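Undergrad: Below are the chains, spelled out letter by letter.
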Amino acid sequence: MIHSLFMINSAGDIFMEKHWKSVISRSVCDYFFEEQQKANSPEDVNPVISTPHHYLIHIYRENIYFVAVCTTEVPPLFVIEFLHRVVDTFTDYFGDGGESAIKDNYVIVYELLEEMLDNGFPLATESNILKELIKPPNILRTVVNTVTGSSNLADTLPTGQLSNVPWRRAGVKYTNNEAYFDVIEEIDAIIDKQGSTVFADIQGVIDCCVKLSGMPDLTLSFMNPRILDDVSFHPCVRFKRWEAERVLSFVPPDGNFRLISYHVGSQNMVAIPVYVKPNISFREGGGRFDVTVGPKQTMGKMVESVVITCAMPKVVLNMNLTPTQGTYTFDPVAKVLTWDVGKINPQKLPNLRGNISLQSGSPPPESNPAISVQFKIQQMAVSGLKVNRLDMYGEVSKSSPKKSFTFEKYKPFKGVKYLTKAGNFQVRT
Amino acid sequence: MSNGGGSYNAQNDSRAGSTGEPDLGTEPTGGFFSADYKKHDDLKQMLDSNKDNLKLEAMKRIVGMVAKGKDASDLFAAVVKNVVSKNIEVKKLVYVYLVRYAEEQQDLALLSIATFQRALKDPNQLIRASALRVLSSIRVPVIVPIMMLALKDSVVDMSPYVRKTAAHAIPKLYSLDPEQKDQLIQVIEKLLADKTTLVVGSAVMAFEELCPDRVDLIHKNYRKLCNLLVDVEEWGQVVIINMLTRYARTQFLDPNQQDVIADEDKNFYGDEDEKDSEEEEEDEEKEKTPPKKPYMMDPDHRLLLRNTKPLLQSRNAAVVMAVAQLYHHIAPKSEVGLVAKALVRLLRSHREIQHVVLSNVATLTTIRKGMFEPYLKSFFVRPSDPIHVRTLKLEILTNLATETSISTILREFQTYVTSSDKDFVAATIQAIGRCASSISEVTETCLNGLVGLLSNRNEYVVAESVVVIKKLLQMQPDSHSEIIQHMAKLADTITVPMARASILWMVGEYSDRVPKIAPDLLRKMAKNFINEEDIVKLQILNLAAKLCITNPKQTKLLCQYVLNLAKYDQNYDIRDRARFIRQLVSPAGEKGALGKHAKKIFLASKPAPVLDSSFKDRDQWQLGSLSHMINQQASGYSPLPDFPAAAPDPTVRNVEVPMPWAEKTHKKKAGKPKKEAFYSDEEEESESESDSEESSSSSSESGSESESEDDSKSESGSDKDKKSDEEAESSSSSSSESESSSESESDSESESEPDTKPQKKAPPPKTKSSTKPKKEAKQEVSLLDLDDKIKENGDSIPSQAHDEKTDHTLLDTEVDVSSTSAPVPAPASALDVLSPSLASDLQGLSINDKTDTAISVTTPMFVSTTSHELLHRMTGEGLSANYRFTRGTCIYSTSMVPVELTFTNHTDSPVSNIRIGDKKLQAGMTLQEFPEIPSLPGGGSMSVSIGIDFKDTIQPANFQICTQDRKYNVSIKPPVGELFQAVTMSEADFTAQQSKLTGMNENSGKVSIPSQHNNSKTITARMSELANVAPVSSSQDGIYRFAGKTVSGGTLLLITVKVGEDNSASITVNCELMAICSMLVKEVKQKLSLA
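Chains as they are written, first to last, in my numbering: chain L, 94 to 522; chain X, 15 to 1105.
Keep in mind that the hints were calculated from the coordinates and are not lab data. Treat the hints loosely; a few may be bogus.
Claimed, not checked - Dumping the calculated DSS-like pairs for lysine-lysine here, alpha-carbon to alpha-carbon at most 30 Å:
#1 Lys333(L) x Lys209(X)
#2 Lys333(L) x Lys934(X)
#3 Lys389(L) x Lys514(L)
#4 Lys228(L) x Lys538(X)
#5 Lys479(L) x Lys389(L)
#6 Lys1099(X) x Lys504(L)
#7 Lys304(L) x Lys1096(X)
#8 Lys228(L) x Lys95(X)
#9 Lys333(L) x Lys613(X)
#10 Lys266(L) x Lys538(X)
#11 Lys135(X) x Lys987(X)
#12 Lys114(L) x Lys204(X)
#13 Lys1020(X) x Lys266(L)
#14 Lys355(X) x Lys514(L)
#15 Lys224(L) x Lys304(L)
#16 Lys987(X) x Lys333(L)
#17 Lys1096(X) x Lys504(L)
#18 Lys391(X) x Lys114(L)
#19 Lys58(X) x Lys228(L)
#20 Lys286(L) x Lys131(L)
#21 Lys114(L) x Lys934(X)
#22 Lys333(L) x Lys1010(X)
#23 Lys436(X) x Lys370(L)
#24 Lys504(L) x Lys58(X)
#25 Lys333(L) x Lys389(L)
#26 Lys95(X) x Lys224(L)
#27 Lys114(L) x Lys84(X)
#28 Lys391(X) x Lys407(L)
#29 Lys114(L) x Lys58(X)
#30 Lys286(L) x Lys510(L)
#31 Lys100(X) x Lys224(L)
#32 Lys391(X) x Lys389(L)
#33 Lys538(X) x Lys630(X)
#34 Lys209(X) x Lys224(L)
#35 Lys131(L) x Lys436(X)
#36 Lys469(L) x Lys204(X)
#37 Lys304(L) x Lys1020(X)
#38 Lys114(L) x Lys1096(X)
#39 Lys228(L) x Lys135(X)
#40 Lys613(X) x Lys479(L)
All values reported here derive from a predicted model rather than from experimental measurement.
Please construct the entire structure, taking both the sequences and the accompanying hints into account.
TA: Here is the structure:
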């Protein structure tokens, strides 16, 4: 399976390596560098590279290449998925998975890698379990550790791996018991020049933050579960109940996790909440740029945090624009125009217009750049998905004087939040 | 962690000068070296100190060096001493170091072994596991024997976590010493039999690494693996699914074969009859279906498909992909479409995942076009996609193009052509070319579009268009002279060699369509010949030769000129070509033999190129594999075998306990299959099938496939046979039954008669193989007796419990009696008929024995006499039915709850043909029906027994009771207490098991018991009334313990009632099934508080 792992930063430094079997010389990365040289951008490097004796499978995240070395046949997705899980764990532990975070916490990183993989085969990848084995750093603990010289390793050893709820640690206790559910939906769309929708799609996730004592067994039901067309679950969700009753029944992991991600059936019409009216034209030596944004089907909600980005052609030298609202920046190196619009006021539509100057001598570009739009709408799930209720199973009756360990006697605070935002929302001009 | 971070960066700084070098291991000289040396010195000092935090600090820095890939091997001696450190973190870091360097310093590494050996005996499972992990990771060949011992101990460890680690250690050990393979395979065999989800994934992984060919190890575990699959951790799922794909390819028939050979079958129609008889003997209702009969999927094959389907919902892309490839490779065509949706979902994921998924989808689309058609728009390219994703999407769109979708696709392509990424534009143009060639309706449109691109400002776009147009024109050269003219003109401006070469080739090929332009073009080219690229030069030569043949008047001289130029070219290919052409076109002497045929040689019509998907040939690799990704064989890749032509023996997957008699029958069968009368064979077959059906349905979901329905239908038929057989036997032995069963008895006798003949060859069950019938009879008798009990229960209530008990203990003595004198008709045949189900029954028992050593099923303490109404006589029009839970062992299957149905006819006229009709059961539940009652006389009543596998839920079983002309819907809802079987265990066992079932598996409550009932007798009586549990002897007063296990799943149930002062009692129920737990607590409370 996975033989070794190299982490390479954007400068081409191999700043960390880990071997699970015998040591493989880091010169194997030369093949990777070769491939990297050919690519135009860091994302363009082919994720699977075959070399005479090894196979390099890598992911690129947080400006780091995580290059796994394999020597034998292995499903590539297996490796890729695992690498992503590694980075997710880093992000979970250190707040971000970037180079400096990894370097600052290299001991924890090494310990994590040791726990996550044994002889190249994943051992413990559940964040809840790992956190019991290796405590994540936080400021207080760092201070305490420096003073007392104690360690990050847990004194007590975890039991979770051994129970039949492998994703939850035992003995969780909170003074404030709360469970928050964020229903986040993203609209992927391609809008053509005329403003008609070429392709639109809703992808949603339910992210949870569950801080409940004991072993709660939760049931989440929807008003309209039929909307969900294709769903993928966290392992904690009982699939059969979903199949039979369309309710989500689960014993949650402790803390933050993604409960489900879903896809809304394409038969439903997707309401596009904003429209963009672009008017871009080029001529010899310059051009005009005029973009207006407006709300469309927003169901009475405010469209917020609107950001419009546009990657201009390489021949564009500079842009001189005036926004009616918000601020704009043009990066003359990357040739990217970013317009931070903010909220859209339906009475006074935001507009950005002005002149484009081109490199002298070069012909004007033939095609107009695509515009990508970001926005957020609070308190609305564009698919219309609604959570019906959240039940905690097995709450002990009031009369019982004995405090049972299994079902703590508490009333948890429950909250559901809806959010719609733009995913890959692109307007062709 | 600030201190740790500091040191990592400090190291960074100290070697700032060399960060650019890729290899930091081989480093400095002079000053650097001594500085380094000193630094290591102080590390050594820190390690030798007796302060833990200094040691920790030193270890952190050393790990930092290891992480950076810097050599720290000279510290080995200093580090290895600390392996005994009490500080867990120091210890852990030492482990990290040890694993990295032990290989290089083997002698010193041996010093640490004793520590691990000690740790292997540690009471804490995690310490044992980590010791095993490190021990197996230090690659020192000397310790192989020690590792082997440790491994063998760990495989039978109590803790599944340790066993999992042991599974991981197997490949490590194997890579260290391949000689151990045989021993290791034995270990794997043991691990594969493990029933813990934590272990099986790793066990299969070890299996895959060591001995993927040993299919025989999988047979026995196949069904278990399928059923556990959903609960295995995700990485294990991937490995298991991949392994099962290969397994299915070797063990099952091709589900799509029928379509392929359908035509052939008709030709062989005449042979059918001959074949039939043979086939029946081999494999009656299974795979090898005679023509005309629909293909029947092996239930195990279906089981695999059904159990993997929910995994498409996994969040892990690798699992989804594994299921997708499983469906692609082994599912019937009609079902593969299922996976499309899940694969499309993965496209939302990380870019690398997209890449892999798309390349697999690309292969799928070359074979299964329709599958992804509904998702066409999901493959539209976005500007943010990296180039490799874009090209893959283009590939897929092209593959998906059909007459209906082509317009959408072309419109989409149009926008891509304007992209600023030139490579992408080129790829798009090629894609358009492919669409044009594959769909004739749009060829014209595409061609026009491409011609339009010829006036594009970008040269690469033009060049690519030229090349594509050339290919398209070659397919239909007529009536396109304009385009050729247009392109000939382009030759002046375009500079891309490939495009120029294409133009020249085309003008030469179709020079008759542009008679004026062609010679002129040659003239221009000749002028500039020496500055052209090689590929263009070759085409100039071609053009010259072709023109010289068709139009010698104008071009002869030009041709000579070009040939002369080429004669002195630097490139030998061109010189060669020139010589070759000269001989053909203008031979030096008289016209040679070749010269005459020059025209035929040069101007023969050439076949048009076929524009195919580059993913066409990737089909040969297993989908989702690395080899598929890189389109070449990766080391360690084993190609998927083809489906076998004839199905291998499906009975190998039946789980049996090795018993002498079982082996014997098996051998006999395999030895001379032809001589055996096929009746017995068929019985055997149907038995095994029903067996597998049970297991397969045990974890099924609601998905109703037509095939599985077929299955169950055919099976219920065969089931009936079997049942009537059993029934017949029981009735004949108990000899106290109604006419109806005696009827069936005669039936069964006539059936079994032909059977006895071939059996004569085997020694009659008397002396030699006396063990055989003994065991057999033993089981039989116990079953039959129970059966009797069930039937007699109605009248003989009071001494019931006692009776049963003696029965149990006296079994052995009874055995002898029955084996010698039991009035069982044709014992030999009965043996054959019953053996598989008995075997599985026994298996069920023996598994339990293995897991919880001292727990054994016992007879119920109490059997309720109250029966519940199933069918009221008003609704039943005179026929009433009651049901009662008999708490015995079900005669049909150990996982079923036996239920006794009593039918009473309140009318005067007989009711005939009472039977069970449609069953509407919850997923997973099974119901074994009773044999049809042919007739129930007026005023008479009759009891029959059925078995229901409730799957440990209290979901009601709904079914129909049918009479000759009516149907009544009825339902049986089990009280929770009836889902159990009483088991006996020692107090110690009880507490041990209880400690395992804490946390969410424990539920408790308080109740006050009325004082007049607060005595052990009443409590015990009440408890056993409530649920089928047995009391556990208790050494403490006031604590009553009861134990049972669920009938279907064998899950342990422990109830503790602790009676305190003032008649209050606390009740604790431990059971893995949480729902049952809480229900029981409630019920126990109610029961005990009754006045």
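Undergrad: Going through the numbered hints above, which ones does this structure break? Give me the numbers in ascending order.
TA: 4, 9, 10, 11, 18, 20, 21, 24, 25, 30, 33, 36, 38, 40
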